[in-house]
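Here are the chains, one letter per residue:
Protein chains: 4
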Amino acid sequence: MKTSHGCRGRLQYVILAEGPQGFHNVTGHFKGHALPATFLIILSLWWSTRNILKYVCKKQKQTFYLGSKALFHRLELLEGTVLVGMALTGMAVHQFIPEGAHLTLFKEGQWNHLLNWHHFTMYFFFGLVGVADILCVTIRSLPSSLPKLMLSNALFVEAFIFHNHTHGWKMVEIFMHQLLGLVFFLTGLVAFMEFLLQNNVLLELLRSSLTMLQGSWFFQIDSVLYSPSWALAWKLMDSDNIMFLTICFCWHYAVSFIIIGANYAFVTW
Amino acid sequence: MKTSHGCRGRLQYVILAEGPQGFHNVTGHFKGHALPATFLIILSLWWSTRNILKYVCKKQKQTFYLGSKALFHRLELLEGTVLVGMALTGMAVHQFIPEGAHLTLFKEGQWNHLLNWHHFTMYFFFGLVGVADILCVTIRSLPSSLPKLMLSNALFVEAFIFHNHTHGWKMVEIFMHQLLGLVFFLTGLVAFMEFLLQNNVLLELLRSSLTMLQGSWFFQIDSVLYSPSWALAWKLMDSDNIMFLTICFCWHYAVSFIIIGANYAFVTW
Amino acid sequence: MKTSHGCRGRLQYVILAEGPQGFHNVTGHFKGHALPATFLIILSLWWSTRNILKYVCKKQKQTFYLGSKALFHRLELLEGTVLVGMALTGMAVHQFIPEGAHLTLFKEGQWNHLLNWHHFTMYFFFGLVGVADILCVTIRSLPSSLPKLMLSNALFVEAFIFHNHTHGWKMVEIFMHQLLGLVFFLTGLVAFMEFLLQNNVLLELLRSSLTMLQGSWFFQIDSVLYSPSWALAWKLMDSDNIMFLTICFCWHYAVSFIIIGANYAFVTW
Amino acid sequence: MKTSHGCRGRLQYVILAEGPQGFHNVTGHFKGHALPATFLIILSLWWSTRNILKYVCKKQKQTFYLGSKALFHRLELLEGTVLVGMALTGMAVHQFIPEGAHLTLFKEGQWNHLLNWHHFTMYFFFGLVGVADILCVTIRSLPSSLPKLMLSNALFVEAFIFHNHTHGWKMVEIFMHQLLGLVFFLTGLVAFMEFLLQNNVLLELLRSSLTMLQGSWFFQIDSVLYSPSWALAWKLMDSDNIMFLTICFCWHYAVSFIIIGANYAFVTW
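Protein sequence lines correspond, in order, to chains A, B, C and D.
If you count by the UniProt record's numbering, then the first sequence holds residues 1 to 269, one letter each, in order.
If you count by the UniProt record's numbering, then the second sequence holds residues 1 to 269, one letter each, in order.
If you count by the UniProt record's numbering, then the third sequence holds residues 1 to 269, one letter each, in order.
If you count by the UniProt record's numbering, then the fourth sequence holds residues 1 to 269, one letter each, in order.
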């Protein structure tokens, strides 16, 4: 008899094996995951490019760098605006799609579309990062590390929500979402370290690669759990799947490293 | 079949579902929670105002700041006295209200009002912070970061007590108190970082907003668990409630951020 | 129905409630705990006195401090020798008392007195700290922070051993030993921070007070679990006891703080 | 009734005691463990020798050190090449031995030799460290702390894989592999600290001794679980074994400390 992957998963396993398996609607999720996935991958590419450029400029010509400071400020302003825009889009999507919450939190004696409200809250915190970005560029008296702190906060909040996101799901689903929560937590940790130790280019690239891992893992979740053709092929209770997904996760990480490295080579060239 | 939110909650669930549900007196708690909640919110507003003032003074005029150093010392002395006063009030309340412990630890072969003794101990450690504040201002040879260390210690102790505070309670009660313990732990962590890295204004504001979160979450606990009219409306074993409270907690956090931000705008203006 | 304090304790509880309760010999432990308890309390008083003296010397007279450097080196040498001596005594006691292991690890097809070997290993690592102390004073080319690193290592090892020390015990026993393991872990963490950030007097005093907490909690364990008269009075499966011990632990901590503070007042005076 | 060592192990125990005990092929593992074990021990000796040499050179003659900088760069290049070579060997072994995966991930409706793919992934990440070493020496514009970051990453990835490596195994097997995962995690933590705080010789030696502990613990795992003569002698479900292995692990650690210390004495002499 095979056992599942952790205390949580194992108990889940025991309970589900005994009781009736909870029906879980999968079609609505696909759209919900593809959007943030694309967003996160673009964000990671953008962050890595900006940080590599900044590092290279700083190393090669001090004067040239000072000249381009205004440019970087303008880029930061743009970044903040885009972040706010993306967050508003995400929040609207989760409210006004047909399966959305339609701004109703409590309906007919029970909570209404709580998973949509979860996603809504996550987008909201990313929106706050964008607002902090914009405020920090426009108001000079604010400490310059504020956006880093807000980013780290937002990531910790996502990790916290993911940790409480998987009630009543099946083993493989839980495992995949817990891994996502773990990456969010680690990215938050790296962002917090950046907040404390400013101007460490490797930490910034590490954060970029972890952000890319978030995006690509979102796509992996989609392809395993919610794509119409594969959904039946995966046995959601088999612990062999856990062992495969463990190394699959590491491969995603390795690929994100290699992409960031290639980006570095491209930018310096 | 829905499952509960963690290893602890889930087992709790299994055990309670089988055995007789422990009766839990709720009326006495309301007063016990409203007091520290109000106290913590006032404290967080006061801390944020003081830290913003200090930061702005420092940035604008070095000379003006040096002149106001005596004022800040006097404010710290006042803060210490108020903290000691609040702690003594809290300790007295939990001993001498009708449902209090009346200084008796062991009565008729069993422990007497242990929850009151828990609260008593928590107030005592906050009192120690106040004492450290006063000592540090009056005796100059003491290291100036002592109050930060004592504060971080007090918060870790609260987190530890909260972690062992919820024996035999129901799922939603446990979850809400564990979240409170988590905030205390995180605030303690931030205070410890302040102790190591002095004069980082953002860490101080982060601590203020986490303190405000503690206060507002105390009120949320009251309104969910102990208010006369709502108490019956909440099903304390439903995991949907856990999922709602997760995002509710994040909203409290977002609101505390916004209030601290508004305070910043108000003070600098 | 009351439930126990954590995942570990709760499962323990369930299993023990079903199976026959394992008989647990208590008389041999009393001597085994009183020795390290006394040792740790003396050590904490000595450490706090030395660190306060060093801090006060440094603050008041730079010249006087330089003159007394030789004295501090001699004291460190003495400290190392005493530590090695205590460790050797402890190791010998656990081997050659009547209930000891008598240097036999495996006897009659099963492990022989593993708990004694556990204590033996703990003393051994404290002995290594003493050796590092002596080496560091005699050989000047060694980095001066070596003893701090060894101390932190020794404490982490103790915490690790305590974590795996309680197989088949009852709930209250496990809880008390886990708390001890927690204090060892925290003391190790503080010692590691001292290793990274040298010359922070408050961290050194925090370590002293945590060491005192270790010692006094050893005595508390003795009085709860192994003293002949009390042993029957404590119901080892009652979760009310856990809730009392939680605050009792905090009181021990508060007392150790106050003693270190009194020591500070005494030394500076 | 004895209980097992943690939440994971205990549940494992309960489940296995009820269900049929999963058959577990042991002969193929011996070769798989002896290779990395030898590799890690050689690596740790090499690292410690290099770091001690560097430290001593730096302390004694500033000029001599500057002259030998080219030598150290050449050594780093060699180290990178050897790491890549070892990683490629390890990856090939796990694919092309008779029990290997033969580059097939999915065969006959189920995952094919997942444990081999796990080991393959671990070697791959060590290979990345070697690549980073080589790149960092040849391309000067790269930040010099890149190899440390990659090493810490590789170690965290190993720890993560080990944590999900033991599905369906027996208690002693799980415990031994979890300890290995713990050492990988701690070594990763130390490497990350080295990345943040450069040129701390004690952290480098600590990493060396933890690496040696990894190697020697690999050998211990072999001798306990997979050697033909001992395999039957160990009862894999007995919690006394856990208690012995706990201190055995500490002894391995102490021995690795003493070997690194002897190496220090030898090199300085």
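In case anyone wonders, no lab produced these hints; they're calculated from the structure.
Hints may contain errors.
In this list, chains with the same sequence are indistinguishable; a pair is considered to hold if it fits within one copy or across any two.
What the hints assert, rightly or not - Capping the alpha-carbon separation at 20 Å, the derived lysine to aspartate or glutamate pairs in DMTMM-like fashion look like this:
#: 1; residue 1: K170; residue 2: D238
#: 2; residue 1: K107; residue 2: D240
#: 3; residue 1: K54; residue 2: E76
#: 4; residue 1: K107; residue 2: D238
#: 5; residue 1: K58; residue 2: E99
#: 6; residue 1: K54; residue 2: E99
#: 7; residue 1: K58; residue 2: D238
#: 8; residue 1: K170; residue 2: E108
#: 9; residue 1: K170; residue 2: D222
Consistency of the hints with the structure:
no.: 1; hint: K170 with D238; in the structure: both (10 Å within a copy, 18 Å between copies)
no.: 2; hint: K107 with D240; in the structure: between (40 Å within a copy, 13 Å between copies)
no.: 3; hint: K54 with E76; in the structure: within (12 Å within a copy, 28 Å between copies)
no.: 4; hint: K107 with D238; in the structure: between (36 Å within a copy, 16 Å between copies)
no.: 5; hint: K58 with E99; in the structure: neither (49 Å within a copy, 52 Å between copies)
no.: 6; hint: K54 with E99; in the structure: neither (43 Å within a copy, 50 Å between copies)
no.: 7; hint: K58 with D238; in the structure: neither (51 Å within a copy, 56 Å between copies)
no.: 8; hint: K170 with E108; in the structure: neither (27 Å within a copy, 24 Å between copies)
no.: 9; hint: K170 with D222; in the structure: within (15 Å within a copy, 34 Å between copies)
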